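Student: Protein sequence lines, in the order shown, are assigned to chains A and B. Sequential numbering from 1 applies to the first sequence in my numbering. Sequential numbering from 1 applies to the second sequence in my numbering.
Bear in mind the hints are in silico, worked out from the structure with no lab data behind them. Fair warning: this is a prediction, and the values are worked out from it, not measured in the lab. Warning: the hint list may mix true and false statements.
Stated by the list, open to error - Partial selection, computed: residues in chain A whose CB lies under 10 Å from chain B:
(1) L39
(2) E67
(3) S317
(4) G319
(5) K332
(6) A337
(7) K339
(8) K343
(9) E356
(10) T357
(11) S362
Stated by the list, open to error - Pulled from the structure, derived: some chain A residues nowhere near chain B, Cβ distances all over 10 Å:
(12) I156
(13) E173
(14) M214
(15) F284
(16) K307
(17) P323
(18) R325
(19) V326
(20) Q330
(21) L354
Every residue gets a Cβ at the ideal spot worked out from N, C-alpha and C, and that includes glycine.
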Amino acid sequence: MPDKKLKRVDIIFNEDCNCNEVLTNSLKKSKDEILKEILDSGLRGRGGAGFPTGLKWKFASQEAEKEKYVVCNADEGEPGTFKDREILTRVPLKVFGGMAICAKVIGAKQGYVYLRGEYQFLKADLEKSLEEFHAVLKDIGFDFQIKITMGAGAYICGEESALFESMEGNRGEPRNKPPYPTVSGFRNKPTVINNVETLVDSFMICRIGSQKFMELGTTDSRGSKLFSISGDTPIAGIYELELGMALEDFVEEFGDGDTKAVQVGGASGFCVPRKKFKETIIGFEGVPTGGSMMLFNSSRSMYNVLKNYVEFFEEESCGQCTPCRVGCQQLKKGIEAIKKGEKSASYLKTLQKLAETMKVSSKCGLGQSVANSFSSIVDNFKEEMIY
Amino acid sequence: MANTVNIKIDGIDVSVEAGKTVLDAAKKLNIHIPTLCYHEDLCVAGNCRVCVVEQEGVNNLVASCAIPAQKGMVIHTNSHKVRNARRHVVELLLSEHNADCTKCYKNTKCELQDLASEMVINEHMFMDLVPDKNYTTDKQSPSIIKDDSKCIRCQRCVRTCHDLQHVSALGVAYKGDHMKISTFFEHPMYEVVCTNCGQCVNRCPTGALIEKNYLDEVWDAIYDEDKHVIVQTAPATRIALGEDLGMESGSIVTGKMAASLRRLGFDSVLDTDFSADLTIMEEGTELLTRLKKALVDKDTSVKLPMFTSCSPGWVKFLEHTYPDYLDNLSTCKSPQQMFGALAKTYYAEKKGLDPDKIVCVSIMPCTAKKFEANRPEMRDSGYQDVDMGLTTRELAVMIKQAGIDFQELPDEKFDSLMGESSGAAVIFGATGGVMEAALRTAYEIVTGREVPFKNLNITAVRGMEGVREANIKLENVLPAWSFLEGVELKTAVAHGLTNAHQIMEAIHKGEANYHFVEVMGCPGGCIGGGGQPIPTTPEIRRKRAEAIYREDEGMAVRKSHENPEVQQIYREFLGEPLSDKSHWLLHTHYVKRKRV
Ligand SMILES: Cc1cc2nc3c(=O)[nH]c(=O)nc-3n(C[C@H](O)[C@H](O)[C@H](O)COP(=O)(O)O)c2cc1C
Ligand code: SF4
Ligand code: SF4
Ligand code: SF4
Ligand code: SF4
Ligand code: FES
């Protein structure tokens with residue numbers, strides 16, 4: 001049973017934070033001290049995969065190569081998610097600060113913000129903040145520069161290795177892994193790539209200390225996180241909540257009283273039906289999320305919900321690997337045929353097996369995660385798929 | 001050993017060099033893992049996913065072609081999970097595929113078909129997606145047909161064109177369900193930078209990229225009583241044709257090839273090697289003339305280095321990419337085109353044939369030769385000099401169609417007049433061969449002595465290194481060539497257009513200072529041509545090259561200027577190299593082309 005109650009937190013946007021002071025003080029610490037703080041905090045990536053941030057930095061710091069990079073992933077392509085935009089609008093210096101701290105740990109001199117194409121309008125303000133930031137670094141005598149690179153406008157470019165390809169001027173297609181970015185990332189050099197929010201968390205951990213951060217959340221999911229809450233809710237918006245809450249409490253707070261399912265983690269996440277709200281924990285030990293929480297009430301057709309997701313993937317797959325490119329097309333055509341009665345209900349089984357193959361054999365996280373929404377919706381709302 | 005990794009595959013221990021993949025390790029154990037996007041010549045893509053295997057302790061399957069062997073890995077190549085996934089992958093590919101095998105050029109020679117057949121697919125698991133697609137076929141190029149409905153999007157062609165050929169005529173366009181292999185703005189291949197080299201065709205696992213075949217046209221000509229059909233065969237066909245007819249790579253089948261052509265019904269069975277020797281006479285003389293103009297007359301309009309011009313893929317590459325260097329190209333036509341022009345003039349005259357009734361067919365290791373034969377410049381005889389260019393592969397098809405037991409054929413000789421050749425002509429087929437042949441002749445013209453290499457083998461220009469250089473010092477030259485006394489002739493050789501690009505950049509930046517540069521458009525030269533038997537791999541190229549040099553060493557005449565028929569044609573018809581008649585029939589000019 002989850003013991004965490006829903007708790008609102010104010011770390012990310014907290015305004016009593018003198019960023020320049022925090023930056024100056026943090027960079028005075030040795031790289032080992034900083035790394036220890038981040039490792040101790042138990043922070044895990046906020047971009048979706050949840051990889052321990054301290055470990056990522058540590059791996060990159062151990063690489064002998066001189067040329068290294070820090071990249072901030074601000075591609076934010078998940079439909080219904082706009083938390084990174086909010087961060088970049090309100091507290092850009094915290095993001096840059098997180099990058100500088102990371103640069104200190106791994107030994108990078110150049111950083112990049114890969115900014116979603118649609119966020120072009122943020123660029124001018126970001127450049128302004130960057131001037132202030134670079135001036136502070138100059139005062140301290142810390143050799144690190146950040147540049148803003150505009151994204152190519154495809155969802156797949158948020159995937160880290162496709163993002164590097166895109167930054168290098170190539171088509172955004174995910175690479176084979178290994179090697180991982182900490183060994184061979186941008187320009188095939190050791191690179192730390194973190195989500196916008198992860199970088200802010202790192203920065204704030206340097207300010208408040210790992211101890212304070214760890215007081216929030218659970219063993220597997222330390223700290224708090226931003227949630228983009230949308231769908232059938234009277235109070236849609238962005239909220240910072242402690243990790244590890246029960247979905248039941250969440251729905252109580254944000255639902256409209258008639259919530260039948262919550263899609264946790266967007267199109268690539270899981271659909272949790274009402275009967276499982278109680279036992280479901282939001283966090284890495286339960287159902288993780290990059291931030292998107294979409295509520296559906298009983299007026300929604302889950303068939304349409306699923307079809308939208310599958311269509312999204314069918315279009316946004318980079319198209320290079322077979323299971324994902326063709327699998328998505330088959331899933332879509334398949335559920336349509338079942339709905340129309342052109343295929344029997346038993347074809348759903350075939351499709352679920354296909355989704356499983358996509359999970360285990362696709363080249364990147366996109367194809368691997370299609371089964372999450374597909375299977376969780378089909379399993380829980382089978383009747384809606386057929387009739 | 002420090003640099004080896006031990007892993008276990010299907011219960012068997014194996015150790016491989018660090019950096020090798022699981023697929024490499026499995027090969028070492030003779031465990032066959034199916035692959036589609038993987039090709040030995042290319043960087044790893046890891047996109048088809050048909051090679052997935054199970055790694056103990058890892059939830060997802062891993063692509064064996066892409067994953068490096070790591071200490072302690074335990075791999076299963078044939079588990080339930082693997083079989084399911086592989087079956088799904090092949091089914092998915094088929095669902096997007098216009099699998100009309102009986103009317104597909106690659107029928108029985110297709111890697112997708114092989115896999116499907118291995119899996120014994122009775123009924124399709126998934127729905128047919130082909131009706132939802134707007135697949136198109138581009139048939140406009142005289143060399144290559146691109147049929148998108150047969151494409152499995154493995155990107156072998158893209159990697160070939162970009163990495164091996166530095167052309168990038170093909171790329172990936174769109175994403176998701178619309179993702180396809182495309183040219184610049186989907187223009188026909190004919191209108192873009194494509195050099196027609198056919199390297200992509202040679203690597204395409206399916207029928208999506210194939211040569212345009214002229215089988216029916218050739219059969220029709222053969223059956224036409226009214227026509228005299230002459231066939232010529234390029235140097236590199238005789239060491240590769242056997243591969244498509246059940247023989248080992250590296251088999252020399254010159255005699256059997258001549259015999260089969262006669263049985264197919266060609267009226268004259270002749271040899272492009274003859275005109276290769278002629279090329280050396282013309283090109284060697286052209287080089288010496290350029291050198292004289294540059295060194296003695298101080299004529300600055302003369303362009304050096306001089307580039308060879310026998311590879312039509314290379315010529316078109318230069319026309320698109322470095323049009324400022326067209327005057328550096330030797331004006332000599334390729335041996336195929338010299339042959340064609342002479343077939344309808346000299347040969348016709350000598351044999352009392354009406355050139356109007358002559359059909360000239362060439363058997364080439366090359367798909368670019370089809371384009372070359374169709375160039376408007378190539379009509380100096382008053383007719384299209386070469387009517388149809390076939391690949392080595394197409395000849396193999398004709399031999400099979402005719403029911404000929406190729407391996408049991410006796411060795412026969414080429415017909416006379418334009419059928420005689422030297423070893424120097426044979427080695428045209430391998431990278432460095434034209435250079436070596438030219439040096440054997442030019443050195444002797446200038447010094448009166450044979451090239452100072454054991455058995456005439458100029459090993460410095462041989463091999464598979466991408467760019468090779470060789471300098472030869474000219475000493476004690478004959479009086480007529482005194483201006484070359486002490487000159488160090490600087491030469492270079494490149495094969496594959498990526499290496500050609502590299503050498504061009506060096507020349508362009510003034511970092512390289514050559515007199516003479518041989519470039520072959522295909523990796524390994526013509527032995528690795530786009531029209532050669534599939535597969536062509538580094539190992540197979542090596543074997544074919546060995547065969548070429550074996551053939552050369554076995555020939556009685558090793559130098560082009562000693563080919564008796566070459567001597568005869570100068571005596572009776574052309575006069576001397578670079579004569580007016582030579583210029584009319586054997587030389588050409590080039591055109592500037594757009595860079596898209
Ligand atoms: C299809 C796909 C899209 C992704 N899009 C984003 C994105 O928009 N923003 C992001 O931070 N991470 C995205 N990721 C995750 C990144 O690959 C990467 O894991 C992340 O940037 C690492 O940062 P973190 O460790 O701070 O979470 C995406 C992954 C996939 C597979
Ligand atoms: S899983 Fe999808 S998005 Fe990822 S590489 Fe394959 S086709 Fe591209
Ligand atoms: S490409 Fe292969 S599978 Fe497709 S139709 Fe041709 S032979 Fe058949
Ligand atoms: S054209 Fe051939 S080589 Fe190119 S992607 Fe398609 S199947 Fe592969
Ligand atoms: S024929 Fe050669 S140049 Fe043309 S697309 Fe194929 S590989 Fe590229
Ligand atoms: S052969 Fe390995 S993924 Fe295609």
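Student: Now tell me if each hint is right for this structure.
Tutor: Hint by hint, here is what the structure shows:
1. L39: Hint on L39 of chain A: violated, closest Cβ of chain B at ~24 Å, above 10 Å.
2. E67: For E67 of chain A, the interface hint is violated, since the closest Cβ of chain B sits about 22 Å away, which is over 10 Å.
3. S317: Constraint on S317 of chain A satisfied, holds at 5 Å.
4. G319: At 3 Å from the nearest chain B Cβ, G319 of chain A passes the 10 Å test, so the hint holds.
5. K332: Holds: closest Cβ of chain B sits about 9 Å from K332 of chain A, inside 10 Å.
6. A337: A337 of chain A check passes; min Cβ-Cβ to chain B is 7 Å, inside 10 Å.
7. K339: With a minimum Cβ separation of about 13 Å from chain B (threshold 10 Å), the hint on K339 of chain A is violated.
8. K343: At about 8 Å, which falls below the 10 Å cut-off, the nearest Cβ of chain B leaves the hint on K343 of chain A intact, so it holds.
9. E356: holds (8 Å)
10. T357: holds (4 Å)
11. S362: At 7 Å from the nearest chain B Cβ, S362 of chain A passes the 10 Å test, so the hint holds.
12. I156: violated (7 Å)
13. E173: violated (8 Å)
14. M214: Given that every Cβ of chain B is farther than 10 Å from that of M214 of chain A, nearest at about 29 Å, it holds.
15. F284: holds (16 Å)
16. K307: Check passes; 14 Å lies beyond 10 Å.
17. P323: Nearest chain B Cβ is 6 Å from P323 of chain A, so the label is violated.
18. R325: Given a closest Cβ separation of 6 Å, the condition is violated.
19. V326: violated (4 Å)
20. Q330: At about 5 Å from chain B, Q330 of chain A fails to clear the 10 Å cut-off, so the statement is violated.
21. L354: violated (6 Å)
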